[in-house]
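> Each chain is listed here by its residues.
Number of protein chains: 2
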Amino acid sequence: MADGAPVPSLVEQVYERILSEICEGTLAPNARLIQDELAAAYEVSRQPVQQALMLLRERGFVADAPKRGVIVTPLDADVLRDVYETREVLDGLSCRLAAERGSDRARIEGPALIARGREAIAGGSVARQIAADVDFHQFIYAISGNRSVEEAAHPHWHFMRRIMGAVLRVERNISSDIWNEHAAILNAIIAGEPGKAEKLGRTHIARASKKFSGQLRALQEQTAARHRSRSLTAYPRVG
Amino acid sequence: MADGAPVPSLVEQVYERILSEICEGTLAPNARLIQDELAAAYEVSRQPVQQALMLLRERGFVADAPKRGVIVTPLDADVLRDVYETREVLDGLSCRLAAERGSDRARIEGPALIARGREAIAGGSVARQIAADVDFHQFIYAISGNRSVEEAAHPHWHFMRRIMGAVLRVERNISSDIWNEHAAILNAIIAGEPGKAEKLGRTHIARASKKFSGQLRALQEQTAARHRSRSLTAYPRVG
DNA sequence: AATTCGAAATTCGCATACGATATCTGAATT
DNA sequence: AATTCAGATATCGTATGCGAATTTCGAATT
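Residue numbers (our numbering), protein chains in the order written: chain A, 35 to 273; chain B, 35 to 273.
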C-alpha cells in the first residue's frame, strides 16, 4: 500500500543519472547537454529527459543556453561562499534542534555513521568519503525533526557533492579532522546540549568553508591557466 | 540579447496560475487536481500541466494521490512551526549580510517599501498587505547579496502567502506592529549594524511565528468542527 | 583575407496518441 | 442488507510528431 517508489519514474532515473555524472565530473562544467543525445544515450524518449532537465535547471545544476541545449553550470567560488554562509545557519539550526529533540536516535544510530566515515578515509575511496559526509549531515537534518531545514538544505548538498568531488579528485583525502568535529557534534547532540551543538555545527561549517574555498580557488586558477594555454573556445560536447 | 523571459513558457504560466489559486484559496486544501481538467481549463495540452504539477509537487504545494490526480497539500500547524524555525535563521542571516553589504541600496529603496506596507494596511486590501510583506523580506534577501539564502527561503514564501491568505481572509488586517518592526530592521541595516539587524530580524520572525501559529490553529479547529458537522468525506473536485 | 548572407541543420516546446494500471460502479450472489 | 466481482472509466507516464526559432557553415562578394 505505502510504496515509496518501487519503480522510480523515468524522469527520476534520468534526473539521477545526469546529476551523478555532473557531480562526478563526467559531465564537466560548461558541457552542452542536448535532449536528443541524452535521450539516445539513456534509451528513453525526449520527454522524460526534458522534464529531468527542467528539474536540474530549477536547482541550478544546468543553465539555459537557448537553442544550444543547456550547459552544466560552472562551479563558482563566490557561489560557494554564499552556499556556505547559508549552510552555516541551517546546519547550526539542525544541530540545535537535534540536541533538543533527537538525542535518542543520535545515540543509537550516530556512532555507526562516524565509524563509517573514518573507514571511508582509511579506505581511500573518494565516492565513499563524500557519501559518508553527506550521510552524516543528512542524518542530523533527519533527527532534527524539522523537514523544512532539510528541504532548504537539500539543493546545497548536490552542490557540495560537486565541490567535494572536484577537490578530492586532486586531494584524494578529506582531512580526518572533519570526523573529529563530527564526533564532537554528535556528542553534544547525544548529551542534549543545544547551545553547544549549534556552536560546534556552525564552526564546523565555517572551517569547511575556508578549506574548500581555498582549494576551489586554487583549482580554478590552475584550470583557467590550462585553458588559456590551450586557447579553448568552444564548449565541449557530451560524448 | 539578454532577454529575461519575454514569453514565459506555458509550463511557467500554468505553474503560476495554479500556485496563485492555491495561495488565494480558490484551490482549497485537499482539492483534487486532474491533469486533463487543468489542461482543459487553461486551454493547453496536458504536457505543460504535467510539468507544472511536477514542480509544484517538488515544492510541496501538492502531493501525489496516485490515479486520483494530485491533491493540494493541507496547511499544517506543525509544518508552519518548522518553516518559521528555518526562516528565523535564514532571515536573521539575510539581515546581517544586508547590514554588511547592502546599506546603500537599503537607504535608497527601503523607505518606499515601508511606506507601501503602511498604505496597504490603511487600504485594507488583503492581497496588497501580503504582497507588501513578501516584497519587504524579498528585498532584504536581494540586498544581502547572497543568492543562496534567497533560494533557500524561496519555497517558504509561497507557503507564507498561503498562510497569510488563510488568516487574513478571517482577520482582514495584519497588525501594524509588523511594519514598525520592519522599519526598525531597515534602520539597523542602513546604519550598518549587522548584529542588531540580525537580532531584530530573528525576533521579528519569532513574533510572527507565534501570531500566525496561534491563528492557524484556531482556524483549523473551526474548520475541522465545521467539517465534522457536515460529515464531509470526499475530496472536493476542482470546478 | 575578411565579411556578408542565405540555406541547411539543430534544438526546443508543445500537442497528440497509446498503453498500463488503479479506481469506481453497479449488478449478481450470499 | 451486505459482499463480491468484473467491466467500464479515470488517470497517468511515456513515445512520437510537428512547427517555430536560432544557430551554423560554406559560398559569394568586397
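Any given hint could turn out to be false.
Since the list can't tell identical chains apart, any single copy or any two copies may satisfy a pair.
[To be verified] Calculated cross-link-like contacts (lysine to any residue; reagent style SDA-like; alpha-carbon spacing at most 25 Å):
id, residue 1, residue 2
1, K244, L89
2, K245, A161
3, K244, R139
4, K101, R139
5, K230, L53
6, K230, F173
7, K245, G179
8, K230, E92
9, K245, R135
10, K244, R135
11, K101, V78
12, K244, R66
13, K245, E134
14, K101, M88
15, K230, P63
16, K244, G229
17, K233, N214
18, K101, A149
19, K233, D110
20, K101, P82
21, K230, L89
22, K244, E134
23, K244, S209
To be clear, the hints were calculated from the coordinates, so they are not data collected in a lab. All values reported here derive from a predicted model rather than from experimental measurement.
> Next step is simple, just say for each hint if it's right about the structure.
Outcome of the hint check:
no., hint, in the structure
1, K244 - L89, "neither (30 Å within a copy, 34 Å between copies)"
2, K245 - A161, "within (19 Å within a copy, 46 Å between copies)"
3, K244 - R139, "neither (31 Å within a copy, 28 Å between copies)"
4, K101 - R139, "neither (50 Å within a copy, 36 Å between copies)"
5, K230 - L53, "neither (35 Å within a copy, 40 Å between copies)"
6, K230 - F173, "within (18 Å within a copy, 33 Å between copies)"
7, K245 - G179, "between (29 Å within a copy, 22 Å between copies)"
8, K230 - E92, "neither (35 Å within a copy, 34 Å between copies)"
9, K245 - R135, "between (31 Å within a copy, 23 Å between copies)"
10, K244 - R135, "between (30 Å within a copy, 20 Å between copies)"
11, K101 - V78, "both (21 Å within a copy, 23 Å between copies)"
12, K244 - R66, "neither (31 Å within a copy, 48 Å between copies)"
13, K245 - E134, "between (30 Å within a copy, 23 Å between copies)"
14, K101 - M88, "both (15 Å within a copy, 24 Å between copies)"
15, K230 - P63, "neither (39 Å within a copy, 40 Å between copies)"
16, K244 - G229, "both (23 Å within a copy, 22 Å between copies)"
17, K233 - N214, "within (15 Å within a copy, 31 Å between copies)"
18, K101 - A149, "neither (49 Å within a copy, 43 Å between copies)"
19, K233 - D110, "neither (27 Å within a copy, 30 Å between copies)"
20, K101 - P82, "both (19 Å within a copy, 19 Å between copies)"
21, K230 - L89, "neither (37 Å within a copy, 38 Å between copies)"
22, K244 - E134, "between (29 Å within a copy, 19 Å between copies)"
23, K244 - S209, "within (13 Å within a copy, 43 Å between copies)"
Checked against the numbered hints above, the structure violates hints 1, 3, 4, 5, 8, 12, 15, 18, 19 and 21; every other hint is satisfied.
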